[in-house]
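Engineer: One letter stands for each residue in the lines below.
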Amino acid sequence: MSETINAEYLGMNLQVDSLDNSNLAYFKHCAAHDFHLQKCDDCGLIRYPVAEGCSWCGSGNATWTAVEGKGAVHSYTEIHHAIQPAFKAYTPYMVLVVDLDTQKGAPTEHEALRIIANLVTADGVLAPPEVVASVGIGSRVRMVFTDVADGLAIPQFTLDGDAEQPSQPWRYPVE
Amino acid sequence: MAQIDQLDPELGASLREKYAIVGVGETEYLRGSGTTTRAMAVNAIRNAMADAGLGPGDVDGMLSYQGADSTLSTFVSADLGIRLNFYMDVMGGGSSTEALTGIAMGVIEAGMCQTVAIFRSMNGHSQTRIGGTGARAVAPVVGEFLHERSYGWQSAGQKFAPTFLRHMYDYGTTPEQVAHVKVAHSHHASNNPKAYYNHRVTVEDVVNSRMICKPLHLLDCCVETDNATAIIVTSAERAKDMRQIPALIRGVVGRVSKPRADLHYETGPISTVAGHYAGPRLWRNAGVGPEDVDVTGSYDAFTFTTMLQLEDYGFCKKGEGGDYVSNGTTFLGGARPNNTSGGHLCEGYTHGIAMVVENVRQLRHEADDSCPIGPDGKRQHTFDYSEGGCRQVKDVEISANLGWATPGTGSAMVMRRGV
Numbered sequence: 101m102s103e104t105i106n107a108e109y110l111g112m113n114l115q116v117d118s119l120d121n122s123n124l125a126y127f128k129h130c131a132a133h134d135f136h137l138q139k140c141d142d143c144g145l146i147r148y149p150v151a152e153g154c155s156w157c158g159s160g161n162a163t164w165t166a167v168e169g170k171g172a173v174h175s176y177t178e179i180h181h182a183i184q185p186a187f188k189a190y191t192p193y194m195v196l197v198v199d200l201d202t203q204k205g206a207p208t209e210h211e212a213l214r215i216i217a218n219l220v221t222a223d224g225v226l227a228p229p230e231v232v233a234s235v236g237i238g239s240r241v242r243m244v245f246t247d248v249a250d251g252l253a254i255p256q257f258t259l260d261g262d263a264e265q266p267s268q269p270w271r272y273p274v275e
Numbered sequence: 003m004a005q006i007d008q009l010d011p012e013l014g015a016s017l018r019e020k021y022a023i024v025g026v027g028e029t030e031y032l033r034g035s036g037t038t039t040r041a042m043a044v045n046a047i048r049n050a051m052a053d054a055g056l057g058p059g060d061v062d063g064m065l066s067y068q069g070a071d072s073t074l075s076t077f078v079s080a081d082l083g084i085r086l087n088f089y090m091d092v093m094g095g096g097s098s099t100e101a102l103t104g105i106a107m108g109v110i111e112a113g114m115c116q117t118v119a120i121f122r123s124m125n126g127h128s129q130t131r132i133g134g135t136g137a138r139a140v141a142p143v144v145g146e147f148l149h150e151r152s153y154g155w156q157s158a159g160q161k162f163a164p165t166f167l168r169h170m171y172d173y174g175t176t177p178e179q180v181a182h183v184k185v186a187h188s189h190h191a192s193n194n195p196k197a198y199y200n201h202r203v204t205v206e207d208v209v210n211s212r213m214i215c216k217p218l219h220l221l222d223c224c225v226e227t228d229n230a231t232a233i234i235v236t237s238a239e240r241a242k243d244m245r246q247i248p249a250l251i252r253g254v255v256g257r258v259s260k261p262r263a264d265l266h267y268e269t270g271p272i273s274t275v276a277g278h279y280a281g282p283r284l285w286r287n288a289g290v291g292p293e294d295v296d297v298t299g300s301y302d303a304f305t306f307t308t309m310l311q312l313e314d315y316g317f318c319k320k321g322e323g324g325d326y327v328s329n330g331t332t333f334l335g336g337a338r339p340n341n342t343s344g345g346h347l348c349e350g351y352t353h354g355i356a357m358v359v360e361n362v363r364q365l366r367h368e369a370d371d372s373c374p375i376g377p378d379g380k381r382q383h384t385f386d387y388s389e390g391g392c393r394q395v396k397d398v399e400i401s402a403n404l405g406w407a408t409p410g411t412g413s414a415m416v417m418r419r420g421v
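Chains as they are written, first to last, in our numbering: chain Z, 101 to 275; chain D, 3 to 421.
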């Protein structure tokens, strides 16, 4: 049996419980900087976040599958008033809703694998204000990881330097 | 798989106007109640029972909702001398009231009890901060929350904001349009002696207030208060013998959800909310449409929640919510005022039950404003909506409450003035 992972990150106690097999598997891949999600053995659709069944068809059979972490910002919020104390030093910070290229437009045109993560620097630190100010809906991003502890990293996004960026990503109208 | 979105037009009508809200009550809206959720709940229900003209022997059911931050029906019923034939305390915040009203109708219909008191009691400012600061901010991050709170994504505003921003992107909705929700509700609150914030604000006040998380300024967000609120549900038949004009329940839908109730962002469009799914079922059950409604109670945890629900329940076309909330319709004196109490943005925060209380009073034509009370004990409404004046909507016959849990889940209820 696995042991509970207990780690400190930005003043928070992150715990992956020893009974939580699905999250243990997910974060084990993340710790290796290797993004995997559960792919349904029956309908073939990938799901996010970690779950105990297929949100698209209800099947209980799935296989962990490598997923490329490239995509575009679908929406976001830019947080100026942090709730968790340790985030206050990083305001304004960004929470992104990212449409991955993988499975974009499936099962319908309105869907995508939408991943929640922060905008960070290439080495996984919450992005500074001038970078935050350059990102909006449509910005191209790629996944990186923030190492939290042995056996635990969390997926994040950074601006994709190799991708063609929109000339002006949509941002809230007032800076 | 059952086609749950194909509505049988024959269903939903059998309980129409068979049940009613017959009593409403609350405690004062405070920051610093100086007392327990148990004491407040007892007072709110006692007020609702007095309002209905009921004694301890007349109430035999109890329902409450909470987020591990409140008292239980067992204690509250004992404090009121009530022997229960039915009770449940459920987990839930916004949109619970309408859903629990439907449950109350069901358990009475099933013969399990006769008259149900529903309450929400919360020290949302002085104990469990409803904005998520304090104890909730430092609790360990486990399970599902590893994929949310680890990113500093925790409070209601932070978690709903991507829906709000995407609505601006998809439809060109402006911060100024949405700010009118706060302006309208502040006008209404200025005519509500109970309101915690009772001063009027302008669009400029809202958009110039400090940014919390885009697109939410401080004044786009609701107030945190300490209070308890209660309603009493019974059959329309029994309501005839009670003290007040009953608010007859024409139709209710509870906790209707988008394809996923957890991370609703996985299905789109994300600028569409649960009302899109709940609306057709609500209007079928109620046998009326949005055009028949005189006053709305669209949940205002944030200015945007009011707008999104009014839009997705069909009070305007999809994408035109910004215009609907800024063209005067939702103000007192407009065609269909919303949250005439001032709502959660101004009156106080109750997870939605106070908006049902307000509409019950509107349907009785007895909004508790500052208008003079006549010799018959009834308020003599002036329909002068200037500051400090009347907040009764003229000739209200039908109300709609639109409860919000998240962009992915909502409940709603249509009521009609009884006789």
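Note that these hints are calculated values from the structure, not bench results.
Quick reminder that beta carbons are idealized off the backbone N, C-alpha and C, glycines included.
A hint or two may mislead.
Some chain Z residues close to chain D (C-beta under 8 Å, calculated; not the full set) [claimed, not checked]:
hint	residue
1	V116
2	L124
3	F135
4	C143
5	T163
6	W164
7	S175
8	V197
9	A206
10	I216
11	V244
12	F245
13	S267
14	P269
Engineer: Confirm or reject each hint.
Structural biologist: How the hints compare with the structure:
Interface hint at V116 of chain Z: satisfied, since its Cβ lies 7 Å from the closest Cβ of chain D, which is below the 8 Å cut-off. The closest approach between the C-beta of L124 of chain Z and any C-beta of chain D is roughly 11 Å, which is over the 8 Å cut-off, so the hint fails. The beta carbon of F135 of chain Z is not positioned within 8 Å of any beta carbon in chain D (closest approach about 13 Å), and the interface hint is therefore violated. A hinted interface residue such as C143 of chain Z counts as satisfied when its beta carbon comes closer than 8 Å to some beta carbon of chain D; here the least separation is about 13 Å, so the hint is violated.
Annotation: T163 of chain Z was flagged as interfacial toward chain D, and the flag is violated, the nearest CB pair being 19 Å apart, outside 8 Å. Hint status for W164 of chain Z relative to chain D: violated, with the closest Cβ pair at about 16 Å, above 8 Å. The criterion of a C-beta within 8 Å of any C-beta in chain D is met by S175 of chain Z, whose closest approach is roughly 4 Å, and the hint holds. Among the interface hints, the one on V197 of chain Z holds; its C-beta lies about 5 Å from the nearest C-beta in chain D, closer than the 8 Å criterion.
Hint on A206 of chain Z is violated. Least Cβ distance to chain D is approximately 11 Å, over the 8 Å limit. The criterion of a C-beta within 8 Å of any C-beta in chain D is met by I216 of chain Z, whose closest approach is roughly 6 Å, and the hint holds. The interface hint given for V244 of chain Z is broken, as the beta carbon of that residue sits about 14 Å from the closest beta carbon of chain D, more than 8 Å. Look at F245 of chain Z: its Cβ only gets to about 12 Å from chain D, farther than 8 Å, so that hint breaks.
Because the closest C-beta pair between S267 of chain Z and chain D is about 16 Å apart, greater than 8 Å, the hint is violated. Checking P269 of chain Z against chain D by beta carbon gives a least distance of about 10 Å; that is not within 8 Å, so the hint is violated.
Checked against the numbered hints above, the structure violates hints 2, 3, 4, 5, 6, 9, 11, 12, 13 and 14; every other hint is satisfied.
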